[in-house]
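Using the sequences and the accompanying hints, generate a full structural model.
Number of protein chains: 4
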Amino acid sequence: MNCKKILILGGDKRIVSLANNFNRDGFDVVTYGFSEDIDFDGGIVRAANLKDALSGRDVVISGLPVTVDDVTLHTPLYEDKIYLYDVLKLMTKEQLFVGGRITPKVKNLCGIYNISVTDYFEREELTVANAVPTAEGAIELAMNLLPVTVWGSKSLVLGFGRIGKILSSRLNALGAETYVEARKFSDLAWIDAYGYTGIPLNNLKGSLPQFDVIYNTVPHEILTDDMLKLVRRDCLIIDLASAPGGVDIEKAARYGIKVVHALSLPGKVAPETAGEIIKDTILNIFADMGV
Amino acid sequence: MNCKKILILGGDKRIVSLANNFNRDGFDVVTYGFSEDIDFDGGIVRAANLKDALSGRDVVISGLPVTVDDVTLHTPLYEDKIYLYDVLKLMTKEQLFVGGRITPKVKNLCGIYNISVTDYFEREELTVANAVPTAEGAIELAMNLLPVTVWGSKSLVLGFGRIGKILSSRLNALGAETYVEARKFSDLAWIDAYGYTGIPLNNLKGSLPQFDVIYNTVPHEILTDDMLKLVRRDCLIIDLASAPGGVDIEKAARYGIKVVHALSLPGKVAPETAGEIIKDTILNIFADMGV
Amino acid sequence: MNCKKILILGGDKRIVSLANNFNRDGFDVVTYGFSEDIDFDGGIVRAANLKDALSGRDVVISGLPVTVDDVTLHTPLYEDKIYLYDVLKLMTKEQLFVGGRITPKVKNLCGIYNISVTDYFEREELTVANAVPTAEGAIELAMNLLPVTVWGSKSLVLGFGRIGKILSSRLNALGAETYVEARKFSDLAWIDAYGYTGIPLNNLKGSLPQFDVIYNTVPHEILTDDMLKLVRRDCLIIDLASAPGGVDIEKAARYGIKVVHALSLPGKVAPETAGEIIKDTILNIFADMGV
Amino acid sequence: MNCKKILILGGDKRIVSLANNFNRDGFDVVTYGFSEDIDFDGGIVRAANLKDALSGRDVVISGLPVTVDDVTLHTPLYEDKIYLYDVLKLMTKEQLFVGGRITPKVKNLCGIYNISVTDYFEREELTVANAVPTAEGAIELAMNLLPVTVWGSKSLVLGFGRIGKILSSRLNALGAETYVEARKFSDLAWIDAYGYTGIPLNNLKGSLPQFDVIYNTVPHEILTDDMLKLVRRDCLIIDLASAPGGVDIEKAARYGIKVVHALSLPGKVAPETAGEIIKDTILNIFADMGV
Chain A
109 MNCKKILILG GDKRIVSLAN NFNRDGFDVV TYGFSEDIDF DGGIVRAANL KDALSGRDVV
169 ISGLPVTVDD VTLHTPLYED KIYLYDVLKL MTKEQLFVGG RITPKVKNLC GIYNISVTDY
229 FEREELTVAN AVPTAEGAIE LAMNLLPVTV WGSKSLVLGF GRIGKILSSR LNALGAETYV
289 EARKFSDLAW IDAYGYTGIP LNNLKGSLPQ FDVIYNTVPH EILTDDMLKL VRRDCLIIDL
349 ASAPGGVDIE KAARYGIKVV HALSLPGKVA PETAGEIIKD TILNIFADMG V
Chain B
109 MNCKKILILG GDKRIVSLAN NFNRDGFDVV TYGFSEDIDF DGGIVRAANL KDALSGRDVV
169 ISGLPVTVDD VTLHTPLYED KIYLYDVLKL MTKEQLFVGG RITPKVKNLC GIYNISVTDY
229 FEREELTVAN AVPTAEGAIE LAMNLLPVTV WGSKSLVLGF GRIGKILSSR LNALGAETYV
289 EARKFSDLAW IDAYGYTGIP LNNLKGSLPQ FDVIYNTVPH EILTDDMLKL VRRDCLIIDL
349 ASAPGGVDIE KAARYGIKVV HALSLPGKVA PETAGEIIKD TILNIFADMG V
Chain C
109 MNCKKILILG GDKRIVSLAN NFNRDGFDVV TYGFSEDIDF DGGIVRAANL KDALSGRDVV
169 ISGLPVTVDD VTLHTPLYED KIYLYDVLKL MTKEQLFVGG RITPKVKNLC GIYNISVTDY
229 FEREELTVAN AVPTAEGAIE LAMNLLPVTV WGSKSLVLGF GRIGKILSSR LNALGAETYV
289 EARKFSDLAW IDAYGYTGIP LNNLKGSLPQ FDVIYNTVPH EILTDDMLKL VRRDCLIIDL
349 ASAPGGVDIE KAARYGIKVV HALSLPGKVA PETAGEIIKD TILNIFADMG V
Chain D
109 MNCKKILILG GDKRIVSLAN NFNRDGFDVV TYGFSEDIDF DGGIVRAANL KDALSGRDVV
169 ISGLPVTVDD VTLHTPLYED KIYLYDVLKL MTKEQLFVGG RITPKVKNLC GIYNISVTDY
229 FEREELTVAN AVPTAEGAIE LAMNLLPVTV WGSKSLVLGF GRIGKILSSR LNALGAETYV
289 EARKFSDLAW IDAYGYTGIP LNNLKGSLPQ FDVIYNTVPH EILTDDMLKL VRRDCLIIDL
349 ASAPGGVDIE KAARYGIKVV HALSLPGKVA PETAGEIIKD TILNIFADMG V
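Residue numbers (the working numbering), protein chains in the order written: chain A, 109 to 399; chain B, 109 to 399; chain C, 109 to 399; chain D, 109 to 399.
Read the hints as simulated data drawn from the structure, not as lab findings. Be a bit skeptical, because a hint or two may be false.
The list makes no distinction among identical chains, and a pair is therefore deemed to hold if it is satisfied within one copy or across any two copies.
As the list claims (entries may be wrong) - Using 30 Å as the maximum straight-line C-alpha spacing, the simulated DSS-like pairs for lysine-lysine come out as follows: (1) 215 x 292; (2) 376 x 201; (3) 262 x 359; (4) 292 x 262; (5) 262 x 112; (6) 366 x 189; (7) 359 x 159; (8) 376 x 189; (9) 121 x 337; (10) 201 x 313; (11) 337 x 359; (12) 159 x 262; (13) 366 x 376; (14) 189 x 112; (15) 313 x 262; (16) 376 x 262; (17) 213 x 159; (18) 112 x 292; (19) 292 x 121; (20) 262 x 121; (21) 292 x 201; (22) 337 x 213; (23) 201 x 262; (24) 292 x 376.
Below, the structure is given as structure tokens:
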């Protein structure tokens with residue numbers, strides 16, 4: 109199998125950037141599922157119809173997420189519909205289907221049609237790389253919404269997973285007084301070694317009144333009612349945990365505290381970087397497959 | 109002279125924050141020249157009229173700028189007018205008048221009324237400190253307007269004065285590929301020592317096509333027509349030089365390049381930090397006067 | 109159980125610092141197994157004999173390693189011998205025995221005497237925290253042995269485990285051109301996100317001739333003969349992998365390359381920090397036991 | 109004048125490295141005034157005698173310092189003597205004489221012989237660039253002599269000139285708690301902006317007992333007797349001010365405090381980097397002369 113021939117089959121701005129990225133790297137790129145006014149770089153070919161699009165391609169790359177209804181592909185930049193069924197029917201078993209957030213139903217369907225399928229959104233390196241635009245998006249929000257600079261601000265990061273790690277490194281680099289809540293002793297040792305101030309969950313409560321801004325990265329509720337009571341009213345809470353988030357916005361509102369729930373930042377704040385991250389991940393998938 | 113009794117006489121959000129800051133530090137603070145709906149912290153007294161406001165105060169602090177018409181104080185958060193003439197007439201020579209961007213005419217008027225006057229905006233430490241919110245404001249703009257992250261972006265800073273120094277340190281800390289244009293060999297040595305890449309003015313032209321974003325801090329035109337020609341169309345130029353700026357917006361537009369002229373960022377992006385910077389500077393003025 | 113009464117039972121400089129640290133934190137500290145000329149801080153009591161030493165103590169803390177012969181405690185700062193057998197015989201089952209690198213034989217013996225035993229050297233947070241003095245020790249070696257500054261030096265770190273992570277953050281902060289070899293795509297994504305340059309193992313060979321210094325943190329041979337052939341003769345290799353190390357010193361010598369095998373750096377370069385790390389870890393052990 | 113033909117005329121290791129550097133950059137390099145066992149890179153020619161050495165050269169570069177006796181060149185790696193008089197007599201007025209720390213007497217002599225002369229050691233960019241190896245040398249000393257890591261150490265830098273600026277940036281990057289003493293309000297604003305803690309000279313005294321290490325960069329006595337009294341006995345003082353230094357070693361000894369006077373660190377800790385800095389500076393001299 110020679111992986112040079114790629115079909116980009118619908119998607120948002122990130123996927124447009126993905127197409128341009130593959131093209132720039134010398135891949136043979138065909139697109140389908142984008143409205144006419146979407147500008148691709150020179151060298152990229154628009155297919156006239158789905159059959160032409162799929163013909164002769166080694167890899168078919170669809171959007172992020174692949175689908176929202178389990179029936180059609182997610183093609184926000186296209187006025188028509190592309191049915192998954194139609195795509196899989198036309199594919200051959202030599203072709204690879206690649207997408208992000210592939211649902212069990214789609215996986216199942218691929219199985220039925222005997223099509224190899226792989227999900228780039230499940231790759232650890234993509235999640236790590238996405239922490240960079242997520243952290244920047246969070247900082248942009250703080251810069252925009254706070255009446256003080258990030259420099260010198262008393263900043264608390266809840267959680268020391270991927271986003272917590274990158275976010276605290278950036279806050280510290282910008283001169284924020286960076287505090288990070290973590291439960292594991294080893295995480296607290298890392299926090300110390302990187303020069304931030306660790307706060308064990310036990311000590312969190314007493315420390316809360318000092319903060320100008322709190323970044324939550326934990327997908328469950330850490331800031332319980334008796335915690336929120338201690339947060340300053342002029343403190344901004346930026347919740348970065350994926351839906352439904354980790355901070356109860358209504359509870360916080362009762363104490364007059366503003367919460368911003370920031371979702372899917374990479375695609376919003378840096379679609380080109382997001383596209384490049386997806387490309388790098390797909391190249392890794394190729395490498396792992398030995399193609 | 110005992111400097112504990114302060115009158116805050118009009119001004120914008122920064123000056124409101126300044127009043128709160130002095131109050132928090134234990135100073136006796138009276139305000140005048142703000143509309144009723146402006147919230148000051150507890151302990152701050154609103155004077156009923158100008159005469160009461162000035163009575164018994166050691167220092168009279170006005171806004172930034174002090175005036176825009178040389179006749180009235182600049183009081184953007186007040187519905188009425190306060191005439192400079194009225195203020196100076198009511199002041200005694202034991203009182204100190206402090207303001208920002210004091211015009212020659214105002215200085216002159218103070219001389220006539222025998223009032224000591226000092227300008228905090230002329231202090232070097234304020235200009236240095238203001239480089240921090242300015243740099244953050246510039247980065248916020250870049251994060252907002254660029255389709256890529258600041259991390260990994262090819263970033264050029266024109267000039268290595270106060271803003272250039274702080275801005276390049278922040279860009280580098282965020283993981284941008286940080287290039288700095290400077291003319292002096294010693295500045296290029298500093299740039300090197302701090303880990304950025306120096307570009308002598310001579311070599312600037314050839315380096316231009318690579319940049320995703322250019323931050324100008326130089327108050328005259330460096331990017332001449334034959335330079336702009338080489339800048340990529342998708343490059344963002346953020347001009348931080350004070351009015352009229354250092355980048356010709358129309359010339360750039362002819363090449364399809366977007367220029368944002370960002371002025372007075374500290375007051376806009378971080379009024380509280382700006383207020384604190386002014387307070388620190390005024391405390392230094394007191395220290396220098398031995399009061 | 110009340111953990112305030114501690115016996116420090118022999119050990120090197122780190123353990124002396126450990127005793128002082130516990131004393132400073134308000135613990136009741138008795139020592140035994142140190143020569144008379146070892147200076148402890150005021151408030152620390154020297155026991156006259158082993159029986160007195162153990163009497164009434166809640167916790168018995170011995171050195172690192174606990175023993176090198178499985179018969180006596182490791183007491184490098186003491187002229188006499190302390191037999192493990194004697195210690196365990198005198199202990200009660202209410203007392204806790206704490207040590208570093210406890211051998212299976214010692215664990216077994218504790219079981220026979222029904223003594224609770226725990227090893228601080230097995231704790232993840234200690235290993236993480238020790239990466240800091242290890243990284244500094246490696247940098248001190250490089251500063252000492254290289255004819256160039258660390259700043260600007262082309263530096264390669266082999267491996268991105270605990271030491272690799274901290275070491276690369278320090279090298280980067282000092283202005284070295286920091287390259288990190290890693291195998292996992294997710295590690296390469298972290299390396300990228302932190303601003304270093306990742307080198308997949310596949311690409312290592314071709315990159316080798318450029319380096320001024322190579323830091324190995326991997327406990328097996330990565331630099332095979334055909335790799336070493338490509339390393340410059342004036343390149344310094346610092347091997348940080350625990351014995352027997354990961355670089356073949358003799359093979360390297362055949363190519364004229366200098367290898368320094370740096371072992372147990374924390375205790376050598378920063379015994380007080382090492383002592384503090386052990387104290388923090390033992391406090392965590394107490395916390396985990398709920399004492 | 110064509111500057112490609114260079115004579116390197118005696119000097120220490122830095123100057124050997126300087127010769128290799130020019131050679132690597134493609135200059136035509138001849139050497140004289142070095143013992144036979146000094147290894148130069150291939151392509152560099154050793155002259156048989158002084159006359160041959162000087163013949164046809166555009167630039168004559170001597171050591172650092174040029175001379176210590178005003179009679180002979182400073183040639184520490186040479187067994188014979190080279191008389192300044194002999195050199196100048198053989199030079200023509202088309203040739204340029206370049207050296208470091210040129211004495212008034214030598215300058216005078218050049219005038220008499222009508223030889224153009226320039227001192228690279230007077231160039232600001234060299235002084236700035238040398239701050240990098242100086243700061244590293246100071247940190248290496250601290251790493252070597254302190255029983256704690258630089259990370260987490262309470263570190264005070266006296267003075268915020270060139271060395272103070274670079275040193276505090278490195279200490280901060282390594283995770284030291286970095287305090288910097290300065291007198292000017294604007295310097296304190298810079299210190300703040302870069303994220304270190306500023307200490308105005310007025311407040312220095314009270315802050316002294318907390319420090320693990322003090323780096324002095326000020327060439328006069330700041331740590332007076334009543335200051336030293338407050339420094340902890342286990343505090344290490346590293347004096348980086350040029351001879352006679354800024355810390356009174358005997359006074360400090362009376363209080364049991366260790367002082368290390370570290371002189372001429374660039375040549376000692378990083379001769380190759382030092383040689384490269386000199387080369388860059390000489391290239392700047394050529395550029396300024398338009399050659």
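Tested hints:
| no. | hint | verdict |
| --- | --- | --- |
| 1 | 215 x 292 | between (36 Å within a copy, 26 Å between copies) |
| 2 | 376 x 201 | neither (35 Å within a copy, 58 Å between copies) |
| 3 | 262 x 359 | within (23 Å within a copy, 42 Å between copies) |
| 4 | 292 x 262 | both (22 Å within a copy, 27 Å between copies) |
| 5 | 262 x 112 | between (50 Å within a copy, 28 Å between copies) |
| 6 | 366 x 189 | neither (40 Å within a copy, 35 Å between copies) |
| 7 | 359 x 159 | neither (53 Å within a copy, 47 Å between copies) |
| 8 | 376 x 189 | within (24 Å within a copy, 45 Å between copies) |
| 9 | 121 x 337 | between (41 Å within a copy, 28 Å between copies) |
| 10 | 201 x 313 | neither (57 Å within a copy, 37 Å between copies) |
| 11 | 337 x 359 | within (9 Å within a copy, 55 Å between copies) |
| 12 | 159 x 262 | neither (57 Å within a copy, 40 Å between copies) |
| 13 | 366 x 376 | both (21 Å within a copy, 20 Å between copies) |
| 14 | 189 x 112 | within (27 Å within a copy, 69 Å between copies) |
| 15 | 313 x 262 | both (15 Å within a copy, 28 Å between copies) |
| 16 | 376 x 262 | both (26 Å within a copy, 20 Å between copies) |
| 17 | 213 x 159 | within (23 Å within a copy, 71 Å between copies) |
| 18 | 112 x 292 | between (45 Å within a copy, 24 Å between copies) |
| 19 | 292 x 121 | between (39 Å within a copy, 29 Å between copies) |
| 20 | 262 x 121 | between (35 Å within a copy, 21 Å between copies) |
| 21 | 292 x 201 | between (47 Å within a copy, 29 Å between copies) |
| 22 | 337 x 213 | neither (44 Å within a copy, 52 Å between copies) |
| 23 | 201 x 262 | neither (56 Å within a copy, 42 Å between copies) |
| 24 | 292 x 376 | between (32 Å within a copy, 28 Å between copies) |
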